[in-house]
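S.K.: Chains as they are written, first to last, in our numbering: chain E, 1 to 344; chain A, 1 to 808.
Warning: the hint list may mix true and false statements.
[Claimed, not checked] Restricting the straight-line Cα-Cα distance to at most 25 Å, the calculated cross-link-like pairs of lysine to any residue (SDA-like) are:
#1 A:K502 - E:I128
#2 E:K266 - A:D479
#3 A:K356 - A:R288
#4 E:K195 - A:Q359
#5 A:K632 - A:P534
#6 E:K339 - A:A567
#7 E:K186 - A:Q490
#8 A:K356 - E:E164
#9 A:K613 - A:G513
#10 A:K230 - A:E198
#11 E:K186 - A:Q499
#12 A:K603 - E:Y160
#13 E:K186 - A:T597
#14 E:K183 - A:T37
#15 A:K613 - E:F337
#16 A:K25 - E:N232
#17 A:K349 - E:N232
#18 A:K438 - A:T463
#19 A:K356 - E:P147
#20 E:K148 - A:T463
#21 E:K148 - A:Q359
#22 E:K277 - A:T37
#23 E:K236 - A:G488
#24 E:K148 - A:T597
#25 E:K4 - E:M46
#26 E:K278 - A:E32
#27 A:K624 - E:V95
#28 A:K632 - A:D686
#29 E:K220 - A:E427
#30 A:K576 - E:F337
#31 A:K349 - E:E142
#32 E:K236 - A:D24
#33 A:K25 - A:N190
#34 A:K603 - E:I128
#35 E:K195 - A:L501
#36 E:K278 - A:L5
#37 A:K356 - E:D137
#38 E:K236 - A:K230
Don't read these hints as lab results, they were simulated from the structure.
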Amino acid sequence: MQEKLQALQTEALEHVEQAKTLADLQNVRVSYLGKKGPITEVLRGMGKLSPEERPVIGELANKVREAITEALDTKKQNLEEAALNEQLKSETIDVTLPGRPVQVGGSHLLTDIVTEIEDLFIGMGFEIKEGPEVETDYYNFEALNLPKDHPARDMQDSFYITEELLLRTHTSPVQARTMGEYKGNKPVKMICPGKVYRRDTDDATHSHQFTQVEGLYVDKDVRMSDLKGVLNQFAKQFFGEEREIRLRPSFFPFTEPSVEMDISCKVCHGEGCSVCKKTGWIEILGGGMVHPDVLEMAGYDPEVYSGFAFGMGPERIAMLKYGVDDIRHFYTNDVRFLKQYHQA
Amino acid sequence: MLVSLNWLKQYVDLGGHTPEALADKITKTGIEVEDITYIAEKSNHVVVGYVETCEQHPNADKLNLCQVNIGDETLQIICGAANIAAGQKVAVAKPGAVLPGNFKIKKAKLRGIESNGMICSLQELGIAEQYVPKDFAEGIFVFPDDTEVGRDVTEYLNLDDVILELGLTPNRSDALSMLGVAYEVAAILNEQVTLPDETLQTIEDKASDHVSIKVEATDDNPYYGAFLIKDIKVGPSPLWMRNYLIAAGIRPINNVVDITNYVLLEYGQPLHAFDFDQFGSNQVVVRRAKDQEEIKTLDDQTRELTTEHLVITNGSEPTALAGVMGGADSEVTEQTTTVLLEAAYFDGKRVRITAKDHQLRSESSIRFEKGVDPNRVKRAGMRAAQLLAKYAGGQVLSGVAAYDQLDCTEKQVVITTDRINARLGTEISNDEIAIILKKLAFDYEQTGDAFTVTIPTRRQDITIFEDMLEEIARIYGYDNLAYTLPQGSQQAGRLTNQQRLKRSIKQYFESAGLNEAITYSLTTTERSQMLVSPEVAQVAVSPVRLSMPMSEEHSTLRLSLLPEMLAAIAYNNARKQDDIGYYEVGSIFASQEEQITVQPKEKWRVSGAVTGKWLHHPWQQEAKQVDFYVVKGIVEGLFERLAIRPTFRQVELTDMHPGRTAQIFIDDASVGFIGQIHPRVQKAFDIKETYVFDLDLDHIFAIHDQEPNFEKIPRYPSISRDIALVVDERISAGEVEATIVSAAGDLLKQVNVFDVYQGEHLEEGLKSLAFNLLYFDPDRTLTDDEVEASYQAILAAVKEKHNAQLRG
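With the rest of the complex left out, here is chain E (with noise of 0.2 Å):
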């Protein structure tokens, strides 16, 4: 019996070995293990051996149905796993063709200059604020200590509506808007971005539409180095650690003193070269402490309030940074262009 046993399993495990296909396994299984199978018959004649060789057969005839059981379940797994292979082969494609397109747009190098900037700023506690682009005389020139006659007015030519309403030339109006909403008792920190104008032919250098970033600071105890400080800040985060900052006295109507910012040149760090005319240095901003006469004018006593203001432009800024040669390319909407400073 326990031969028969033997020579069962061998032979069973030899069936399984051979079977190729899971059909082939799933005869070996019914001819081996089925109801009629001869394992099934060796235990239905069970009852025809002696008390000790019972226990004895049983035992065996369980174990070489494991055993059985076992070799049939890892061939069906070896089984299923290489038809599966199979088919994934015949699946396969040409993973190197373009997939299928989704439509991606993307922000203008402006906007993303912008918003960079006012990110900056929000990180050291400014408000954005906006303003019109059609302006008042008042808040334009007037408000900003250029009266009717100054002859800095001459700076900047403009493009009037009426003679009182004129396409704002600067985002400094925003300043005595600002200043005015909050009468004189309350610190305004803000900064504020938005389209200027001014009477100028469009060339590869001018354009008569363009974008300012003006910024305002007035509290209590404002100081020049403060001045400095923020826009250091505000610089080496911009434009990177390494670069430095220098300003210099300037003169804008709105501000006392004046500073012109550089910084240095990102090319030769300092040591003059031809993209910063030699001078190792690259104007960046003009700014300074705000003049008395545009406190007092918005409500705010200069003997308590002092403040500083400073504007840049993100046309400027772009054409340095990423060497934009012409400032035309800002305004055609070339897709080409737009699609060049696509950020994540």
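Chain E is already provided as a structure; the job is to place chain A on it using the hints.
M.R.: Quick look at chain A alone, frame taken from chain E:
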């Protein structure tokens, strides 16, 4: 302002600074040096030679054979210049000399005869053509007779000079003079300014016995002084003066004109020399011109005047446009012997108007416009008179015939060290302040930490504490200020809701496949009236036009972002870029007045234009052209994201395709439109089929400002039913959907069209619309009966309203 360093050295010691180092200091202290120019590349071996003989070259008509004594030897030189002659002193480049442009001088044979050098013109020595005096423009330069033979010409011709070009801000008109620049540089280098000699030898005869001054326009002309100089011999001015004028960018003319120009540059005070014999009277009358009065100016132009212009007259005729240009009749010529020298103070505004009206901006008018130093007016006249005596052989009559109501008082500004430090964030001491004031050459009285500073009249820009603050700061050095951060009240910076929403809307359109465009706000008047959304057209009464546009192209403010966007598409189409999807967020300008008196309403819009292929997938043979539903999908996506439910209604708009345009409403308020542009417009812009949308962003901002309410997430199963209806083909899906929604009751939460069919199995003129209906109640499970009741109500309603039949 062009500043010759050789000239500047006459007033201030430059202490061995290189031009570059000096320029850097000047720039950092307040006046930007825009350019540094070396007058000529270094020449050497060029000396003064005396032409002993000059004969015609035996073998060439146009060449001269010269023997030129250069001190230690005599050279034989062949020269082709027409103006060469024996007895002249000339510039000789010896063999071995290298002239500008790397032009090497060697011994050579010209037509068989040896030539040992070259006699040079000023141009050959590196002086720009436009500054070469007319006499020498066509030939070699001839030195004055007293020039020393054999000496290097570099110094004689000022060839080693370096010019700094100053970019002056409008407040620094004090630096429009060599003396002003000298004060600036002296302050920077801590040096003293040496003033020019103004002593004047006069004869007994008095100027006021020969000429009287009458000023009628006293506001325009608070000071008019006239010096008289007789026995003038007009001729060339001294070489050094010509050199300095050339360095300053002014062409030498003759001694009288050159002297007035020289003093203008030196003092910043414009002067004018009249030929007194041609002046036409012995009285100077300064008055406003009469309307239509005429004057012929030095440039031979006859100019018509108005009462806005100030003129110098001889009592009857204008003889000069005050502060701008002299008259031709009294111009100094070679025959002039008596000069009336005008030193006057003209009001800047008057000069600006006169110069602007006649388009005559001159060295003179620029200085008057910005304001000259009242204390230098008369001194400049004395200096010029002295030079006329010295270099034009003149005799100066004593005194000055003058009208004088000029305010020459010096203003005072009080500063305290405390306040200076508080404003600058510095710790400057009293002593340092005192040192800075001395550097600036400002007088002061000190009491403790308070300084009463007397502002010299040359610095008209300094009137208040803050002006002095800037003076202190710039001499102290902006570089020496610390980097500090504001200590005041702190606030958290953040975007407003509206700013956040605007950013989010922009991001949405970008993720939906559109590129952000930025177009011009100024367009043509015609375009400003195109593609205007109905709700805008309702409030915008008339176009907002510039009073003086530079071109029609940019003459009028836009009422829609779309026309310029279509122009941008045309620009791209012309460059073979056919597939374009734009959006733009920007303002439009709607005026509610016929005649504009107040600012137009500025309204935020978001608009888009899409053309060409959309989702182009070539190897799968998929290339879908943009159509109405692509663009509508993009717009609906925005509303979905903002949780706004707009309705779209068919509409006819002038510039839009009449069958493919919808007006968009939110709760019955028009908020824009969407559709295909009219083929006529398409043709006018020379573009291909294009779909656009235009939305009122202000309206969206307003809705979105309301706080959203929480909606419960359904916990109970929903029930979905489909309904297919056959209706007349002219009935829109939107109308049917609206009927369904209003008939269905609260349990119906969503309706979606999933099929539109026309054709086989349907009668002509009919179409089938299939909707999926989704029912749920967040609080309980629905029963079939409830849904069935709603379904039947829908059927009844669509039958009644649209004669719709359930499709069998």
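S.K.: The structure should be examined with respect to each hint, and the outcome stated for every one.
M.R.: Do the hints match the structure? See the list:
A C-alpha spacing of about 13 Å is found between K502 of chain A and I128 of chain E, which places the hinted pair at or below 25 Å, so the restraint holds. At roughly 20 Å between alpha-carbon atoms, K266 of chain E and D479 of chain A fall within 25 Å of each other, so this suggested pair holds. Distance hint between K356 of chain A and R288 of chain A is fulfilled; the C-alpha atoms sit about 16 Å from each other, no more than 25 Å. Of the supplied pair hints, the one linking K195 of chain E and Q359 of chain A is violated, its CA atoms being roughly 32 Å apart against a limit of 25 Å.
At most 25 Å may separate the alpha-carbon atoms for a hinted pair to count; K632 of chain A and P534 of chain A meet this at roughly 18 Å. Taking the CA atoms of K339 of chain E and A567 of chain A, the gap is near 18 Å; set against the 25 Å cutoff, the hint holds. The suggested pairing of K186 of chain E with Q490 of chain A holds, with an alpha-carbon distance near 12 Å, which does not exceed 25 Å. Between K356 of chain A and E164 of chain E the CA atoms are separated by roughly 22 Å; this keeps the pair inside 25 Å, and the hint holds.
In summary, the hint linking K613 of chain A to G513 of chain A is supported, as the alpha carbons are separated by about 12 Å, within the 25 Å threshold. With a CA separation close to 19 Å, the supplied pair K230 of chain A and E198 of chain A stays within the 25 Å bound. Annotation: proposed proximity of K186 of chain E to Q499 of chain A holds, straight-line Cα distance about 22 Å (limit 25 Å). Restraint check for K603 of chain A and Y160 of chain E: satisfied, since their Cα atoms lie roughly 20 Å apart, inside the 25 Å limit.
A hinted pair counts as satisfied when its Cα atoms are at most 25 Å apart, and K186 of chain E with T597 of chain A does not qualify at roughly 32 Å. Taking the CA atoms of K183 of chain E and T37 of chain A, the gap is near 52 Å; set against the 25 Å cutoff, the hint is violated. Using a Cα cut-off of 25 Å, the hinted pair K613 of chain A and F337 of chain E holds, with the two alpha carbons roughly 19 Å apart. At most 25 Å may separate the alpha-carbon atoms for a hinted pair to count; K25 of chain A and N232 of chain E meet this at roughly 21 Å.
For the given pair, K349 of chain A sits about 40 Å from N232 of chain E by alpha-carbon distance, which is inconsistent with the 25 Å threshold. A threshold of 25 Å between alpha carbons decides the hint, and for K438 of chain A with T463 of chain A the separation of about 18 Å falls inside it, so the pair holds. With a C-alpha separation of about 19 Å, the suggested pairing of K356 of chain A with P147 of chain E holds against the 25 Å cut-off. Proximity of K148 of chain E to T463 of chain A is assessed by CA-CA distance (about 20 Å); at most 25 Å being required, the pair is judged to hold.
Restraint check for K148 of chain E and Q359 of chain A: the C-alpha separation of about 21 Å stays at or below 25 Å, so the hint holds. Proposed proximity of K277 of chain E and T37 of chain A is supported: the alpha carbons are some 14 Å apart, at most 25 Å. At most 25 Å may separate the alpha-carbon atoms for a hinted pair to count; K236 of chain E and G488 of chain A meet this at roughly 23 Å. Simply put, K148 of chain E and T597 of chain A have alpha-carbon atoms about 19 Å apart, close enough for the 25 Å limit, and the pair holds.
With a CA separation close to 14 Å, the supplied pair K4 of chain E and M46 of chain E stays within the 25 Å bound. Distance hint between K278 of chain E and E32 of chain A is fulfilled; the C-alpha atoms sit about 14 Å from each other, no more than 25 Å. Distance check on the hinted pair: K624 of chain A and V95 of chain E sit about 24 Å apart at the alpha-carbon level, within 25 Å; holds. Between the alpha carbons of K632 of chain A and D686 of chain A the distance comes to roughly 24 Å, so the proposed pair stays at or under 25 Å and holds.
The hinted pair formed by K220 of chain E and E427 of chain A meets the criterion: a straight-line CA distance of about 19 Å does not exceed 25 Å. A C-alpha spacing of about 14 Å is found between K576 of chain A and F337 of chain E, which places the hinted pair at or below 25 Å, so the restraint holds. Taking the CA atoms of K349 of chain A and E142 of chain E, the gap is about 18 Å. The hint holds against a cut of 25 Å. For the proposed pair K236 of chain E and D24 of chain A, the alpha carbon gap of about 23 Å is at most 25 Å, so the pair holds.
For the hint pairing K25 of chain A with N190 of chain A, the CA-to-CA distance comes to about 12 Å; that is within 25 Å, so the pair holds. This hinted pair checks out: K603 of chain A and I128 of chain E have alpha carbons roughly 18 Å apart, not beyond 25 Å. Proposed proximity of K195 of chain E and L501 of chain A is supported: the alpha carbons are some 20 Å apart, at most 25 Å. Proposed proximity of K278 of chain E and L5 of chain A is supported: the alpha carbons are some 20 Å apart, at most 25 Å.
About 22 Å separates the Cα atoms of K356 of chain A and D137 of chain E, which keeps this hinted pair within 25 Å; it holds. Pair hint K236 of chain E plus K230 of chain A does not hold up; C-alpha atoms about 67 Å apart against a cutoff of 25 Å.
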